[in-house]
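Sequence positions in the sequence shown follow mature numbering (1 follows the signal peptide of the UniProt record, and there is no 0) and run -19 to -1, 1 to 54.
Treat the hints loosely; a few may be bogus.
[Claimed, not checked] 25 Å max Cα-Cα, derived SDA-like pairs, lysine to any residue:
id, residue 1, residue 2
1, Lys45, Leu(-15)
2, Lys45, Leu(-12)
3, Lys45, Asp30
4, Lys45, Tyr31
Don't read these hints as lab results, they were simulated from the structure. Everything numeric in this text was worked out from a predicted model, so none of it was measured.
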Amino acid sequence: MPQSLFLLIALATSYLVQSSLISFSMSMISFIKFSSDSWPGFTVQRYRDYVEMQIMSSINRIGKNFAYNTDWV
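Please put together the full structure from these sequences, using the hints given.
Listed below in structure tokens is the structure:
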């Protein structure tokens, strides 16, 4: 198995694990927020924006690491 293919599989796996952990923790936080109703000013749109920002920052970080660690770029 070529090293670049192994690296690509490892990066894809780490992205999937990281994004699933982010979405799980965000859903738990939203459940706590909605059930306690103690945080005013919280909207679903803000929650979605926050989750999207977290996932995009993860993708950017993984992409930069991949670009720096390979000679494809």
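Enumerated hints in conflict with the structure, sorted upward: Those not satisfied: there are none.
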